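All chains, full assembly: derive it from the sequences and hints.
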Amino acid sequence: MNARTELGTPATTESGYNFAYLDERTKRMIRRAILKAVAIPGYQVPFGSREMPLPYGWGTGGIQITASIIGADDVLKVIDQGADDTVNAVNIRRFFQRTTGVATTDRTTEATLIQTRHRIPETPLQAHQIMIYQVPIPEPLAKLEPREAETKMMHGLSEYGLMHVKLYEDIARYGHIVTTYDYPVMVDDRYLMSPSPIPKFDNPKMNMNPALQLFGAGREKRIYAVPPYTKVESLGFEDHPFEVQRWSHHCALCGAGESFLDEVITDDAGGRMFLCSDTDYCGQRRTEQKLP
Amino acid sequence: MYVAVKGGERAIANSHVLLAGARRGDLSTPELSIAQIEQQLRLAVDRVMTEGSVYDRELAALAIKQAAGDTVEAIFLLRAYRATLPRFGYTEAINTVAMRVRRRISATFKDLPGGQVLGPTYDYTQRLLDFTLAAEGAPVPEAQENASSPNKPFVSVMELLGQEGLIEPELPSAGDPPPGDWTREPPSFPASRAERLQNLARGDEGYLLAMGYSTQRGYANNHPFAGEIRFGTVELEMVPEELGFPIVIGEIELTECQMVNQFTGSKTAPPQFTRGYGLAFGHSERKAMAMSLVDRALRAEELGEAIVAPAQMQEFVLSHSDNLESSGFVQHLKLPHYVDFQSELELVRKMRAKHVSDEGQAA
Amino acid sequence: MSDHELPILKVDKLSKRYGNRLAVDDVSFDLWPGEVLAVVGESGSGKTTLLNCVSARLEPDHGQVSFRTRHEGTVNVYRLSQAARRLLSRTDWGYVHQNPVDGLRMDVSAGANVGERLMALGERHYGRIRQEAVQWLTRVEMQEDRIDESPITFSGGMRQRLQIARNLVTQPRLVFMDEPTSGLDVSVQAKLLDLLRNLTQQLHLAAIVVTHDLAVARLLAHRMLVMKDGRIVEQGLTDQLLDDPQHPYTQLLVSSVLQP
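Order-wise, the sequence lines are chains G, S and H.
Sequential numbering from 112 applies to the first sequence in the numbering used here.
Sequential numbering from 34 applies to the second sequence in the numbering used here.
Sequential numbering from 574 applies to the third sequence in the numbering used here.
None of these hints come from the bench; they were simulated from the model.
No experiment lies behind these values; they were computed from the predicted model shown.
There could be a bad hint or two in this list.
Said to hold, decoys possible - For lysine-lysine, the following DSS-like pairs were computed, each having C-alpha atoms within a straight-line distance of at most 30 Å:
1) K143(S) <-> K98(S)
2) K277(G) <-> K143(S)
3) K367(S) <-> K254(G)
To be verified - Coverage of chain G stretches by chain H, computed from C-beta distances (three or more under 8 Å per stretch; other residues unrestricted):
4) 278-292
5) 348-357
Each residue gets a CB set at the ideal place from its N, CA and C atoms; glycine is no exception.
Written out as structure tokens, the structure is:
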């Protein structure tokens with residue numbers, strides 16, 4: 112994060128718009144919300160979300176966070192489903208290239224800011240990095256209780272029994288917890304939080320992570336955060352603990368056995384192969400192994 | 034194969050080229066000018082300005098052109114532009130009683146001071162396709178000027194009712210707080226009436242129409258009467274700090290609907306009519322009327338009415354009225370969900386396998 | 574002092590007004606550990622409003638409600654923080670609604686309904702939660718193999734049993750009941766009243782039961798309050814009061830119901 116975006120800084124690459132699109136007052140408003148979010152880990156801070164030139168539901172919360180903290184020296188990585196080259200990731204990266212001119216990268220290790228939809232990179236994050244998650248529904252209790260007036264009260268009083276009722280119900284019906292993504296977490300033993308729709312495979316990476324993790328929900332107008340080295344616990348029962356997915360396959364390209372795999376259908380007969388969802392991780396592994 | 038699965042820069046660039054071509058259509062037809070859209074698609078322009086929350090006919094026309102006539106997309110373009118505009122200040126509250134009226138009707142009184150002024154309306158046209166319009170350059174008939182009292186302010190029907198105490202007075206909230214602004218501050222519930230009206234004014238016309246309609250069909254009974262609908266021009270005044278008194282900075286076209294609703298009285302209030310209010314930029318009658326019905330329905334709690342219907346539930350109504358939010362989130366389902374779907378796929382497979390083995394054991 | 578020498582609940586000069594009407598007018602009474610108190614009266618007499626005020630569901634305009642907690646001595650219920658009040662409501666108190674749908678989660682299983690309070694208190698062992706649920710279903714005379722079924726499939730009487738089990742799982746010392754049997758068939762009512770009487774005795778439960786049905790009061794309650802127009806017009810031991818009513822209104826109530 113570099114504070115070179117004061118009013119009047121002539122750093123625009125797209126004519127007629129401020130550096131990183133948003134005006135400086137709006138950025139300051141968002142940065143205040145971020146600071147509050149960092150101070151109260153897992154708490155959803157309401158903020159005056161602006162209309163962005165990308166549609167709601169396509170990452171406007173993440174974009175607004177990135178826009179308000181990005182500086183000219185930052186190196187930006189944008190991923191969607193783990194990949195740098197999916198259309199939405201390309202589109203958001205192009206947006207920041209056009210409005211800031213900052214350097215972009217596919218390499219997790221080189222990035223200072225990583226905006227993501229639905230994944231956490233396989234490569235461990237470092238202390239100088241900031242992860243920015245795009246969040247569709249920030250309220251982890253929303254599916255159980257749609258009224259915000261109620262969920263506010265539940266957070267305020269730490270009344271989270273309802274969430275465990277849902278998990279109990281899963282086990283009673285299926286023998287195990289059937290939530291596979293957007294798996295609820297408890298942050299710093301206080302606030303129940305949606306990790307955004309990342310697969311539960313990624314949940315353990317959030318715990319005690321050295322990077323700052325910021326979450327933006329544009330349509331729902333909420334920002335929340337997990338500061339570096341904060342406890343993030345996935346919910347479970349003592350006798351039915353939280354578990355991550357395991358594959359019986361390895362990545363067909365790099366041979367990884369420990370990464371999240373996407374299934375790709377290869378022909379009309381239903382042939383399929385499994386590939387790393389994290390394209391950078393996969394590429395690095397292939398380079399190391401001198402694979403094509 | 035691998036590249037084909039994931040998208041990329043080139044695919045997006047190509048899509049943009051295709052889009053530009055599709056928007057322009059056959060090059061042998063002349064290109065639409067912004068002025069043509071502004072003048073000849075005026076109602077589309079009005080809707081885009083209203084829900085786009087920017088009063089600028091030219092920008093709205095440009096947005097319609099760029100969006101190939103898709104109003105919701107045009108509203109999106111205008112809103113995104115609006116988000117980058119600095120805010121210089123606030124005008125004084127407009128005075129719609131002083132409106133230079135081009136149309137004013139009341140369904141509650143057969144005649145009233147100033148009379149019923151139909152003005153330009155589709156209401157009493159017969160909806161027959163007019164094939165003469167297919168031929169360009171047909172002469173346009175000239176309207177007869179309204180001889181009676183041009184430019185004289187029309188007294189409001191609400192004032193007439195108010196003189197007898199038949200309708201609730203229109204009073205500011207206790208302490209007259211500045212109205213909230215949900216485009217700057219995030220919503221919080223319960224919402225004040227000012228915030229609700231702002232939300233409804235920006236809300237999707239089709240959505241409000243359906244919500245308003247539902248109140249007429251028994252889902253929250255309003256017993257509405259169109260007290261007055263007026264369309265015309267009002268002046269905008271601002272008080273520049275250096276002057277300290279208001280000056281006129283321009284004028285805008287507005288449609289206002291004052292809906293009169295039955296009310297039987299409560300513990301604290303005698304029986305009297307209550308109000309529902311609708312206001313939109315330009316000539317947007319359907320919007321203003323629907324808005325006034327929903328506004329009245331949302332006052333249920335304040336008036337001590339049971340909240341039983343969707344149109345009375347403010348979190349429900351207000352959280353789903355914005356077409357940028359709804360269109361964006363519905364259409365985000367087009368975005369890749371490989372990772373989440375993969376997780377669900379694994380789970381369903383695992384559960385099916387267990388199901389099959391359980392059945393096998395049971396047999 | 575021992576448990577029995579102090580009231581568990583003290584209601585002092587409670588009033589609640591709706592507009593110009595006083596729904597509850599200056600009501601005071603004590604409730605002793607293990608005591609079942611019936612509040613009777615016609616509809617509109619203020620008995621349900623009184624129950625809601627006493628059970629911290631509706632803030633009264635005047636008056637106080639004091640509750641003797643297990644560990645923290647006597648507390649003024651409306652001076653507690655909202656968090657503490659809600660905690661009290663789901664641990665040491667129970668509330669049985671007239672319509673079980675209001676007190677149950679209809680979209681989750683019977684087991685989850687019974688286990689919810691435990692989970693809210695931090696129980697994180699699925700097996701133990703289930704064990705407790707089975708035990709309480711048995712105690713309210715439900716078959717334990719219905720533990721994974723949704724209450725939607727249950728009869729009215731079963732739903733009411735489930736609601737009771739859901740309340741008792743934290744072993745509360747005070748339970749509020751609003752017409753707990755009035756929505757049920759007569760034969761089902763009798764069985765449920767029997768169950769309630771046994772449970773209150775075995776668990777040494779204090780209870781306030783609002784009812785318009787004097788037979789319910791006779792069967793369940795040690796003591797009775799008769800309400801009319803928001804005021805207590807008469808109170809006393811149930812048998813005494815029903816056999817020898819003093820106030821004309823009570824006499825009217827008793828004669829209109831109990832005459833053959």
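These are the hints, each one checked on the structure:
Under the criterion of a C-alpha separation no larger than 30 Å, the hint pairing K143(S) with K98(S) is inconsistent with the structure, at around 42 Å. As the CA atoms of K277(G) and K143(S) are separated by approximately 60 Å, the hinted pair breaks the 30 Å bound. About 22 Å separates the Cα atoms of K367(S) and K254(G), which keeps this hinted pair within 30 Å; it holds. Counting residues of the region 278-292 of chain G whose beta carbon lies closer than 8 Å to any beta carbon of chain H gives 5, which reaches the threshold of three, so the coverage claim holds.
With a threshold of 8 Å between beta carbons, the proposed coverage of the region 348-357 of chain G by chain H holds, since 4 of its residues qualify and at least three are required.
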